[in-house]
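**Student:** If you want the building blocks of each chain, they are given just below.
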Amino acid sequence: MTQQTMYEKIWNAHVIPDVFAPVPFLYIDRHFIHEATSPQAFAGLKAAGRKVRRPDLTFAVMDHSVPTTGRNWRLVTGNRAKLFEALDRNCRETGVRLFDLESQNQGIVHIIGPELGITQPGQTLVCGDSHTSTHGALGALAFGIGTSEVETVLATQCLPQFQSKTMQVRIDGKRPVGISAKDLMLAVIEKVGFAGGTGYVIEYAGEVVRALSVEERMTLCSMSIECGARAGMVSPDDTTFYYLKGRPYAPVGADFDAAMKGWNAWATDEGARFDALVTLDASNVKPKVTWGTNPGMVADIDQSVPEPSTYANSEERESVKSALEYMDLKPGTRIVDIAVDRVFVGSCSNGQLEDLREAARVLAGRKVAKSIKQALAVPASTQAKKQAEAEGLDKIFVEAGFEWRESGCSMCFGMNEDVLPSGERCASTSNRNFEGRQGKGGRTHLVSPSMAAAAAVAGHFIDVRAMPVNRSN
Amino acid sequence: MRPLKDHTGLVVPLDRIDVDTDQMVPKQFILRGTREGYGRDLFHDWRYLANGEPNPDFVFNFPRYQGASILLARANFGCGSSREHAAWAVRDYGFRIIIAPSFADIFYTNAFNNGVVLVTLPSEQMDELFKRTEEIEGYKLSVDLETMTITDDRQLRFPFKLDSFRRNRLLKGLDDIGSILEFSDALAKFEQRCNVIAAPQMTSPVDVRIAKPC
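These protein sequence lines are chains Y and G, in that order.
So for the first sequence, this note's numbering puts the first residue at 1; every next one is plus one.
So for the second sequence, this note's numbering puts the first residue at 1; every next one is plus one.
Wrong hints could be hidden among the right ones.
Claimed, not checked - On the chain Y side, residues computed to face chain G include the following (Cβ under 7 Å):
1. I16
2. P39
3. K82
4. I118
5. T147
6. R230
7. Y249
8. S314
9. E315
10. S319
11. K330
12. E435
Said to hold, decoys possible - Here are the simulated lysine-lysine pairs, DSS-like style, with alpha carbons at most 25 Å apart:
13. Y:K82 - Y:K440
14. G:K131 - Y:K321
15. Y:K373 - Y:K330
16. Y:K46 - G:K5
17. Y:K191 - Y:K330
18. G:K172 - Y:K165
19. Y:K82 - Y:K51
20. Y:K51 - G:K189
21. Y:K191 - Y:K321
22. Y:K165 - Y:K9
23. Y:K9 - G:K189
24. G:K5 - G:K161
25. G:K131 - G:K161
26. G:K5 - G:K140
27. Y:K395 - Y:K367
Hint data in this document are derived by calculation from the structure and do not stem from the laboratory.
As the structure is a computational prediction, the values presented were derived from the model and not from experiment.
Here a beta-carbon is modelled for each residue, glycine too, at the ideal position from N, C-alpha and C.
Work out the full structure: start from the sequences and follow the hints.
**Tutor:** Structure (structure tokens):
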């Protein structure tokens, strides 16, 4: 038998046989929906007199536009209220499980799937959000879709899909102390290029990836779309199984042992061929800070903002020039000399318990600089918030001068009240630094949680490795 | 969807790489739970000044490009967020065709699902189209889906490729759900056979609220 990649195994197991159509139909095992991209899909179904085929495989949560200052969505007014009402009503009418704002299991959709054990190895999983690739960290084929596709999955539990090319990103070497999964992923995007992953599904492999926790693997996978890839995934291993054991939707007892055997079989075979191979030596990775308006525009903390004329390609030169104009940065400015106005710790890429711990280790015994207008800590899920509070992390954040909030997507893209004001600069642990992403005219610099905390303390970017850290926290 | 066999229209150039969907429809406009009316929001932050007046420096506001239905774009058009609002806005603005050297995956699917045709051409041909559009006022292109060619009235003729699935769907005006439901039996058989798609069960207590039918 020929060796197969995990992607090929999952693909082959989910293409519906005996369908004579010009494109394969891929069966979808788990479908997640949220308030921002599903109302039009339900309206479309209703208008056509169609039903939700598998409400039992569909899960709903409120996350994209939820307030982070309270948990009662019925107090929200305006257009957002209509989105919450629509999701609540649509779920009631169709029998779809909803984790609403008051649920103890509420959180960013890509966090609660793994956290509840709904996401499992070998599954196909979709959601109307481009960061759905996050779920791939557990060895699932997970990708973002548009609203018309949400409607198609609701009605048929299938999607017409063309097979993607495969790319293996191998991260080997020794990960230096102070380098997080975020730094590794920004280094990957820098190497692959902002559009270099288009048409590919990425599998992350190598000794460094093997040693990452599931949460860290989720950081890598979530940002796969930031280099254009359809999905990101990591072959399941003992780390994955240990993570899943005891989760609310994971099998128990003998069922778990049986499931584990099945899960193991999805991993990429030794010697399987990929269409593209990218390697990264983690030993050389330094803390990363983006300076431009896409995640590929990134530098090391000890570097400077680049000179547009150093780019060989004229389109890229123009793009860098326009990015620097938007970011109000001059070529040659040292990254450490860039002062920030606000700090955001959160998002599906970096809002989990481990991320909060990482930031708290830097903040312990320190204060946010006086020049910082706002520092927000927004856990990625209600469970992460509770666990962080049980460990006393909330106190560290608050004593340092952060606001400790309820979970949601928040200032990652400011669909709620947490908006970055025009002209202000933010050190953000989120995943996108597009123009206006966090708020119209806002300027986003993507960093790891510890680098965000360090910037909050210093008032400007600073190499967190030079800050003594109290490891006992 | 209405069938589309060919289209001729005025061309507007957007000479910028990596245009993302956050830029096409900023998030403050995606709070509406509808599919219609996003045309006025398309490229909002580039198109309008702070006081709400049209920005005269943005190409969409040039008098010569009013009424354009074909958009010329650069590499990696439509990257970022999966929001279909970007495709709805393009369509509602009046675009039927976007021509670029490459498109982001999710936007590619979203556009076709709304009857907007995305044509991929090599960079050199794109440069020629940009040149002609900027030099010739009122420049129009014709896109023929049956012969898969782009032409103008000055002897330009570029063939392009489009997969038979999407092409057929446009020509006949089909939608995905209808095409899949034609194979209901194969689908049902697959669901019965595969225990991987058994309904997920809660195995330990969790405070999930299972919505009850109204």
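**Student:** All hints, please: hold or fail.
**Tutor:** Hint check results:
no.	hint	in the structure
1	I16	holds (5 Å)
2	P39	holds (4 Å)
3	K82	holds (6 Å)
4	I118	holds (6 Å)
5	T147	holds (4 Å)
6	R230	holds (5 Å)
7	Y249	holds (5 Å)
8	S314	violated (10 Å)
9	E315	holds (5 Å)
10	S319	holds (5 Å)
11	K330	violated (22 Å)
12	E435	holds (6 Å)
13	Y:K82 - Y:K440	holds (23 Å)
14	G:K131 - Y:K321	holds (22 Å)
15	Y:K373 - Y:K330	holds (23 Å)
16	Y:K46 - G:K5	violated (29 Å)
17	Y:K191 - Y:K330	holds (24 Å)
18	G:K172 - Y:K165	violated (29 Å)
19	Y:K82 - Y:K51	holds (22 Å)
20	Y:K51 - G:K189	holds (19 Å)
21	Y:K191 - Y:K321	holds (20 Å)
22	Y:K165 - Y:K9	holds (14 Å)
23	Y:K9 - G:K189	holds (20 Å)
24	G:K5 - G:K161	holds (15 Å)
25	G:K131 - G:K161	holds (22 Å)
26	G:K5 - G:K140	holds (17 Å)
27	Y:K395 - Y:K367	holds (12 Å)
In summary, the structure is inconsistent with hints 8, 11, 16, 18 from the numbered list given earlier, while agreeing with the others.
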